[in-house]
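Start from the sequences, fold in the hints, and give me the full structure.
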Amino acid sequence: MDTKEMIKIKQLNKSFGDLHVLKNIDMTVYESDVVCLIGSSGSGKSTLLRCLNFLERKDNGNIIIEGNEVNPRTDDLNKIREKVGMVFQNFNLFPHKTVLENIIEAPIMVKGVDKEKAIIKAKQLLKKVGLEDKSDVYPSKLSGGQKQRVAIARALAMEPDIMLFDEPTSALDPELVGEVLTTMKDLAEEGMTMVVVTHEMGFAREVADWIVYMHDGKIIERGTPEQFFNHPKEERTREFLTATMLK
Amino acid sequence: MDTKEMIKIKQLNKSFGDLHVLKNIDMTVYESDVVCLIGSSGSGKSTLLRCLNFLERKDNGNIIIEGNEVNPRTDDLNKIREKVGMVFQNFNLFPHKTVLENIIEAPIMVKGVDKEKAIIKAKQLLKKVGLEDKSDVYPSKLSGGQKQRVAIARALAMEPDIMLFDEPTSALDPELVGEVLTTMKDLAEEGMTMVVVTHEMGFAREVADWIVYMHDGKIIERGTPEQFFNHPKEERTREFLTATMLK
Amino acid sequence: AEKQKLEDGSELINKDQFIFATSGEFKPFSYINDDLTMSGFDIEVGEAIAKEMGLEPVQKRIKFKGIVEGVKTGRADAAVASHTINPQRSKHVSFSTPYYYSGPKIFTRPDSKIRTVEDLKGKEVAVAKGSTYADTASKYTDKIKTYDSDITALKALSSGRHDAVITDFVTGKTAEKEGFEIKGQQLINRSEQAVVLPQDNPQLLKRVNESLEQLRENGTLTQISIKYFGEDITKKPE
Amino acid sequence: MPSFSHFFHILMDTKGVFFKAMLLTLELTVVSILIGIVIGLVFALLKISNIKILELISDIYVYLVRGTPLIVQIFILYFGISGIFLLPDFWAASLALALHNGAYISEILRGAIQSVDKGQFEAGRSLGMTKTLTLRRIILPQAFRRALPPLGNQFIISLKDSSLAAFISMNELFNVATTLGSNNFDEMTYLLIVAVYYLLLVALMTFVVNRTEQKLTVSDR
Amino acid sequence: MPSFSHFFHILMDTKGVFFKAMLLTLELTVVSILIGIVIGLVFALLKISNIKILELISDIYVYLVRGTPLIVQIFILYFGISGIFLLPDFWAASLALALHNGAYISEILRGAIQSVDKGQFEAGRSLGMTKTLTLRRIILPQAFRRALPPLGNQFIISLKDSSLAAFISMNELFNVATTLGSNNFDEMTYLLIVAVYYLLLVALMTFVVNRTEQKLTVSDR
Ligand SMILES: Nc1ncnc2c1ncn2[C@@H]1O[C@H](COP(=O)(O)OP(=O)(O)OP(=O)(O)O)[C@@H](O)[C@H]1O
Ligand SMILES: Nc1ncnc2c1ncn2[C@@H]1O[C@H](COP(=O)(O)OP(=O)(O)OP(=O)(O)O)[C@@H](O)[C@H]1O
Ligand SMILES: [Mg+2]
Ligand SMILES: [Mg+2]
Numbered sequence: 007m008d009t010k011e012m013i014k015i016k017q018l019n020k021s022f023g024d025l026h027v028l029k030n031i032d033m034t035v036y037e038s039d040v041v042c043l044i045g046s047s048g049s050g051k052s053t054l055l056r057c058l059n060f061l062e063r064k065d066n067g068n069i070i071i072e073g074n075e076v077n078p079r080t081d082d083l084n085k086i087r088e089k090v091g092m093v094f095q096n097f098n099l100f101p102h103k104t105v106l107e108n109i110i111e112a113p114i115m116v117k118g119v120d121k122e123k124a125i126i127k128a129k130q131l132l133k134k135v136g137l138e139d140k141s142d143v144y145p146s147k148l149s150g151g152q153k154q155r156v157a158i159a160r161a162l163a164m165e166p167d168i169m170l171f172d173e174p175t176s177a178l179d180p181e182l183v184g185e186v187l188t189t190m191k192d193l194a195e196e197g198m199t200m201v202v203v204t205h206e207m208g209f210a211r212e213v214a215d216w217i218v219y220m221h222d223g224k225i226i227e228r229g230t231p232e233q234f235f236n237h238p239k240e241e242r243t244r245e246f247l248t249a250t251m252l253k
Numbered sequence: 007m008d009t010k011e012m013i014k015i016k017q018l019n020k021s022f023g024d025l026h027v028l029k030n031i032d033m034t035v036y037e038s039d040v041v042c043l044i045g046s047s048g049s050g051k052s053t054l055l056r057c058l059n060f061l062e063r064k065d066n067g068n069i070i071i072e073g074n075e076v077n078p079r080t081d082d083l084n085k086i087r088e089k090v091g092m093v094f095q096n097f098n099l100f101p102h103k104t105v106l107e108n109i110i111e112a113p114i115m116v117k118g119v120d121k122e123k124a125i126i127k128a129k130q131l132l133k134k135v136g137l138e139d140k141s142d143v144y145p146s147k148l149s150g151g152q153k154q155r156v157a158i159a160r161a162l163a164m165e166p167d168i169m170l171f172d173e174p175t176s177a178l179d180p181e182l183v184g185e186v187l188t189t190m191k192d193l194a195e196e197g198m199t200m201v202v203v204t205h206e207m208g209f210a211r212e213v214a215d216w217i218v219y220m221h222d223g224k225i226i227e228r229g230t231p232e233q234f235f236n237h238p239k240e241e242r243t244r245e246f247l248t249a250t251m252l253k
Numbered sequence: 109a110e111k112q113k114l115e116d117g118s119e120l121i122n123k124d125q126f127i128f129a130t131s132g133e134f135k136p137f138s139y140i141n142d143d144l145t146m147s148g149f150d151i152e153v154g155e156a157i158a159k160e161m162g163l164e165p166v167q168k169r170i171k172f173k174g175i176v177e178g179v180k181t182g183r184a185d186a187a188v189a190s191h192t193i194n195p196q197r198s199k200h201v202s203f204s205t206p207y208y209y210s211g212p213k214i215f216t217r218p219d220s221k222i223r224t225v226e227d228l229k230g231k232e233v234a235v236a237k238g239s240t241y242a243d244t245a246s247k248y249t250d251k252i253k254t255y256d257s258d259i260t261a262l263k264a265l266s267s268g269r270h271d272a273v274i275t276d277f278v279t280g281k282t283a284e285k286e287g288f289e290i291k292g293q294q295l296i297n298r299s300e301q302a303v304v305l306p307q308d309n310p311q312l313l314k315r316v317n318e319s320l321e322q323l324r325e326n327g328t329l330t331q332i333s334i335k336y337f338g339e340d341i342t343k344k345p346e
Numbered sequence: 006m007p008s009f010s011h012f013f014h015i016l017m018d019t020k021g022v023f024f025k026a027m028l029l030t031l032e033l034t035v036v037s038i039l040i041g042i043v044i045g046l047v048f049a050l051l052k053i054s055n056i057k058i059l060e061l062i063s064d065i066y067v068y069l070v071r072g073t074p075l076i077v078q079i080f081i082l083y084f085g086i087s088g089i090f091l092l093p094d095f096w097a098a099s100l101a102l103a104l105h106n107g108a109y110i111s112e113i114l115r116g117a118i119q120s121v122d123k124g125q126f127e128a129g130r131s132l133g134m135t136k137t138l139t140l141r142r143i144i145l146p147q148a149f150r151r152a153l154p155p156l157g158n159q160f161i162i163s164l165k166d167s168s169l170a171a172f173i174s175m176n177e178l179f180n181v182a183t184t185l186g187s188n189n190f191d192e193m194t195y196l197l198i199v200a201v202y203y204l205l206l207v208a209l210m211t212f213v214v215n216r217t218e219q220k221l222t223v224s225d226r
Numbered sequence: 006m007p008s009f010s011h012f013f014h015i016l017m018d019t020k021g022v023f024f025k026a027m028l029l030t031l032e033l034t035v036v037s038i039l040i041g042i043v044i045g046l047v048f049a050l051l052k053i054s055n056i057k058i059l060e061l062i063s064d065i066y067v068y069l070v071r072g073t074p075l076i077v078q079i080f081i082l083y084f085g086i087s088g089i090f091l092l093p094d095f096w097a098a099s100l101a102l103a104l105h106n107g108a109y110i111s112e113i114l115r116g117a118i119q120s121v122d123k124g125q126f127e128a129g130r131s132l133g134m135t136k137t138l139t140l141r142r143i144i145l146p147q148a149f150r151r152a153l154p155p156l157g158n159q160f161i162i163s164l165k166d167s168s169l170a171a172f173i174s175m176n177e178l179f180n181v182a183t184t185l186g187s188n189n190f191d192e193m194t195y196l197l198i199v200a201v202y203y204l205l206l207v208a209l210m211t212f213v214v215n216r217t218e219q220k221l222t223v224s225d226r
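As you go down the protein sequences, you meet chains A, B, C, D and E in turn.
Heads up: take any position in the first sequence, counting from 1, add 6, and you land on the working numbering.
Heads up: take any position in the second sequence, counting from 1, add 6, and you land on the working numbering.
Heads up: take any position in the third sequence, counting from 1, add 108, and you land on the working numbering.
Heads up: take any position in the fourth sequence, counting from 1, add 5, and you land on the working numbering.
Heads up: take any position in the fifth sequence, counting from 1, add 5, and you land on the working numbering.
The hints are simulated quantities; they were obtained by calculation from the structure and are not laboratory data.
One thing to keep in mind: the hints can contain errors.
[Said to hold, decoys possible] Here chain E is said to cover these stretches of chain C; the calculated rule only asks that three of the stretch's residues, wherever they fall, bring their Cβ under 8 Å from a Cβ of chain E:
1. 156 to 168
2. 229 to 239
3. 324 to 332
[Claimed, not checked] EDC-like mimics (lysine to aspartate or glutamate), calculated; alpha carbons at most 16 Å apart, straight line:
4. D:Lys136 - B:Asp142
5. D:Lys20 - C:Glu339
6. E:Lys123 - A:Glu62
7. D:Lys136 - B:Glu37
8. B:Lys140 - B:Glu107
9. B:Lys224 - B:Glu241
10. E:Lys136 - A:Asp82
11. D:Lys25 - C:Asp219
12. A:Lys224 - A:Asp82
Glycine is no exception: its CB is placed at the ideal position from the N, C-alpha and C atoms.
Have a look at this one:
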């Protein structure tokens with residue numbers, strides 16, 4: 007294949023004290039790929055995502071973002087974080103700022119975009135996530151689904167090359183999950199490179215290019231949705247799928 | 007019938023501010039009767055029970071306990087409360103006293119029973135509720151079911167003629183409900199006069215002599231368990247029963 | 109507050125004792141020892157008066173500005189605390205005959221240009237609260253700062269605050285000796301210091317005055333003065 | 006600033022006086038807290054009495070104490086009490102501090118009493134116990150236990166506040182320090198020394214309070 | 006006890022001088038709180054810096070201030086600061102009070118900062134914002150908002166504490182009252198008058214603090 011390697015992880019390890027959370031992880035994400043990370047609670051999915059964004063510091067191994075190996079000690083992590091957007095389970099909108107202010111904060115303060123341009127861009131993004139009428143509202147006035155869509159717009163405002171999602175719909179009421187998944191699907195269709203931790207198997211099956219299944223800090227299996235859901239190779243994976251489908 | 011009227015209520019009314027909670031309640035409980043009060047949330051069951059124990063003051067109407075009309079203004083309510091034991095949903099054990107101390111507190115302090123006699127009696131009661139080995143334990147060390155059985159023993163220690171129970175099993179884990187109901191059933195079989203607010207239909211059907219169904223502050227229907235469960239007269243009752251059985 | 113009445117009509121808090129108040133913060137007139145008792149010129153005078161009256165001396169420590177109130181409200185029978193006689197105080201308490209003569213003096217930092225009261229105009233002057241020096245100072249300036257003790261005021265002066273302090277010349281001289289960076293200037297006037305007594309106790313006043321007269325005549329006062337100051341300040345200066 | 010050797014020298018020299026003064030500070034604190042608890046309890050009970058006029062009295066007391074500086078209260082009470090009956094100094098000072106503490110303690114106790122579950126009161130009443138008996142045997146023991154940590158904190162505050170008794174001629178730590186300081190024309194050294202004493206006392210008290218709290222938590226029922 | 010008419014007479018007579026004193030009390034309070042907030046913020050940031058030595062410095066500062074009586078601190082700082090550089094009286098007094106307030110404010114701010122959800126910090130970082138930028142733009146604005154009620158409370162405490170500036174010759178309310186009182190041999194009346202001024206100020210401040218709090222709650226996002 008000739009596509010660009012957006013993320014390459016080699017032999018990544020991470021422990022919290024005695025707890026070995028990530029064990030020799032290898033993974034490559036190509037441009038425009040949508041990778042869904044699935045696995046049971048505590049298997050290390052969030053930690054892996056947070057290592058990619060350097061919110062957690064790896065113990066050893068290599069993380070190569072768009073061809074450049076990142077050294078957390080010497081590199082300017084903030085510059086790298088500009089390339090990698092992140093969306094959290096709990097939205098983490100800034101409650102003291104309006105929707106618009108949430109979105110323009112980082113472009114203005116970090117990239118030095120001027121305020122008017124930032125606002126124009128923010129309004130486009132709000133339109134894209136279907137919230138053009140909410141720009142002057144404070145987050146507390148939004149539903150969970152609206153909050154998460156604002157969070158996505160906020161991350162997109164930094165024009166990242168890669169987007170990371172950590173269970174973006176887990177904190178939502180079931181009837182609000184759809185609107186967020188739709189936004190994410192649109193994003194995927196526009197060609198955004200995405201790594202998504204999710205329990206939404208429907209979304210994974212439909213949107214993902216690759217499924218990665220983690221268990222106990224290791225990647226157990228990976229494949230296309232078709233392979234993964236219909237012909238899982240590993241016993242563990244089969245158990246997991248049975249248990250998940252039963253719910 | 008020639009049995010003694012233990013409780014007689016005539017045209018009892020009670021409001022909280024604008025909220026008319028009990029509306030012209032009439033009810034008679036004979037000696038050794040077990041009356042189960044059922045009804046949906048907010049229908050006034052607890053309030054009725056609390057009026058019987060004068061924890062709530064009636065607005066008007068008559069409450070006659072063992073043939074004597076009680077006037078809350080002039081009568082010594084504490085004397086009357088000695089005749090009427092009460093068991094609460096949340097147990098309300100005294101956390102700073104051991105199980106034994108919980109039980110002997112009122113007999114010693116209120117009735118002036120001397121301490122040794124009170125202890126002997128308390129131990130008998132603990133045996134009766136199956137907790138003879140817990141006498142020196144503090145309530146926090148007990149399970150919910152054990153707590154409620156201690157609460158029953160504590161009420162019995164005052165040798166009441168009537169026992170009131172307000173949803174005695176609602177705060178319990180399902181597996182602990184049985185032990186409390188058994189204790190109550192034993193008590194009923196010994197001939198205690200009991201008024202029980204409960205959602206345990208099995209218990210009501212098996213143990214109650216009379217079922218009283220309340221709705222919106224009024225008594226809608228009363229009858230034997232056979233009549234009530236199998237041939238309810240009122241539309242409301244039928245609706246309630248259908249809804250309850252479905253759960 | 110009820111006091112005990114004696115045969116001669118004088119009243120005492122406790123009929124065998126003469127309880128006299130002093131601040132303990134006015135070295136060398138009064139200061140405290142390691143056992144929290146007080147020593148000093150005022151203390152010895154108070155004790156001598158008590159003995160002269162045939163009473164047991166009992167010292168009582170009260171912050172200077174609370175002493176007059178303390179005597180008025182019966183927390184002490186009298187105060188032997190270097191109170192200057194002035195008409196203001198006389199309205200509220202009675203004074204004995206003077207037991208020493210002193211006077212307020214201007215103290216400044218050594219490098220100050222202030223010499224006399226005329227130079228105080230518009231300058232900031234610090235004094236002890238409840239002393240008569242505030243009145244004195246107010247004749248020359250309206251910038252007056254008050255502290256709870258003369259020494260604290262002198263300390264503030266020494267460490268660069270305010271322009272001058274007006275206090276008793278003996279106190280100032282002692283502080284100067286102790287290494288405070290201050291210098292005595294003009295002696296403003298002479299003042300008379302006396303024992304303070306409640307107004308409703310004329311018999312006790314009489315007895316105190318008699319005792320003082322006795323102590324003056326037999327040289328006891330002079331002796332105490334020499335002990336503390338090396339000179340006799342108990343004689344009226346000419 | 007005094008040199009360290011000078012400081013240390015005087016620290017050693019004066020340990021006798023300061024030890025005595027420290028005892029007085031502790032006595033003042035303990036007595037004023039104990040009386041304060043009694044006063045606080047009375048006003049807490051007034052406040053929860055459900056009788057308007059008594060509640061008002063309690064409110065006014067708390068308002069007056071919280072609305073004015075302690076030093077003003079101490080002066081007013083010291084001279085005010087003297088005007089009525091002549092208490093010995095120690096008791097006048099203790100009472101002044103106690104009346105101050107009382108207001109804060111009454112708030113602590115009221116909070117603790119109201120934090121006891123209402124069901125406890127009803128359980129007592131349903132067993133035939135009178136209001137007073139229920140309060141005494143059931144509510145107050147639980148309330149006191151909850152009030153212990155904030156009471157411990159108030160104790161430490163009160164330890165420091167007792168320094169203001171200096172101004173009504175108690176020979177406690179602060180008064181001795183300033184007096185010795187002015188006697189020796191060396192206020193700074195004595196102030197630093199007394200600061201050390203307070204730090205030690207507060208550290209000690211904090212330790213005791215924390216230990217008590219821990220013990221209570223461990224044996225919590 | 007002074008008669009009411011006497012009290013009222015003097016209250017009227019002295020309103021000019023007390024009004025001036027009240028302004029000084031307010032100035033002292035406001036300035037010492039403002040400086041205290043700056044100091045408090047610095048030490049709160051040291052405390053959360055995750056750098057052991059800085060945390061220790063912050064701990065020691067808080068420990069020293071909480072472990073000694075305010076009056077001791079005021080004296081030490083007043084004369085101590087003078088030993089190093091000579092601040093004008095007002096600023097020396099304000100700084101002494103501010104250093105005291107600073108310790109309590111640093112605890113208030115630290116608590117408020119730590120109460121802001123960790124996710125806020127991570128969201129800022131994930132958008133490429135630096136630690137400082139995130140702190141300044143995201144965390145502190147939220148923390149300050151939460152800190153407002155306890156800060157208001159500290160303001161009221163500080164208003165009362167400013168009375169101790171009397172002892173370092175500030176002509177604020179308490180000093181004026183005791184000076185006039187001892188000049189006129191009528192301490193009680195003047196103390197009662199000054200108590201009224203404090204009650205008014207505290208009532209006013211309490212009102213303002215509560216109103217602000219209410220407003221914040223209403224417009225809460
Ligand atoms: N900061 C931390 N300190 C200590 N342990 C941590 C920390 N963060 C995560 N862990 C532990 O690491 C393990 C993996 O956590 P992680 O959050 O990556 O799991 P996950 O796969 O995201 O699970 P979930 O589906 O519950 O979000 C868990 O055992 C967790 O308790
Ligand atoms: N102390 C009170 N003050 C005001 N309203 C009250 C009070 N106690 C009960 N109520 C109201 O009176 C109504 C009847 O309450 P009650 O507790 O008697 O109902 P219930 O039948 O016991 O319901 P549940 O099954 O939920 O316990 C409810 O609407 C309740 O909100
Ligand atoms: Mg996770
Ligand atoms: Mg109920």
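Here is what the structure says about each hint:
By the rule of at least three residues with a Cβ nearer than 8 Å to a Cβ of chain E, the coverage given for the region 156 to 168 of chain C is violated, with 0 such residues. Interface restraint, the region 229 to 239 of chain C with chain E: holds (3 residues with C-beta to C-beta distance below 8 Å; minimum three). Taking a C-beta to C-beta cut-off of 8 Å, the region 324 to 332 of chain C contributes 0 residues in contact with chain E, too few for the three needed, and the coverage statement is violated. Pair hint Lys136 of chain D plus Asp142 of chain B does not hold up; C-alpha atoms about 27 Å apart against a cutoff of 16 Å.
Taken as a hint, the Lys20 of chain D and Glu339 of chain C pair is broken in the structure, with Cα atoms around 35 Å apart against an allowance of 16 Å. Annotation: proposed proximity of Lys123 of chain E to Glu62 of chain A holds, straight-line Cα distance about 13 Å (limit 16 Å). Using a Cα cut-off of 16 Å, the hinted pair Lys136 of chain D and Glu37 of chain B is violated, with the two alpha carbons roughly 30 Å apart. For the hint pairing Lys140 of chain B with Glu107 of chain B, the CA-to-CA distance comes to about 11 Å; that is within 16 Å, so the pair holds.
Proposed proximity of Lys224 of chain B and Glu241 of chain B is supported: the alpha carbons are some 15 Å apart, at most 16 Å. For the hint linking Lys136 of chain E to Asp82 of chain A, the alpha-carbon distance of about 12 Å falls within 16 Å, and the restraint holds. A threshold of 16 Å between alpha carbons decides the hint, and for Lys25 of chain D with Asp219 of chain C the separation of about 42 Å lies outside it, so the pair is violated. For the proposed pair Lys224 of chain A and Asp82 of chain A, the alpha carbon gap of about 29 Å is over 16 Å, so the pair is violated.
When the structure is compared with the earlier hints, violations turn up for hints 1, 3, 4, 5, 7, 11 and 12 and for no others.
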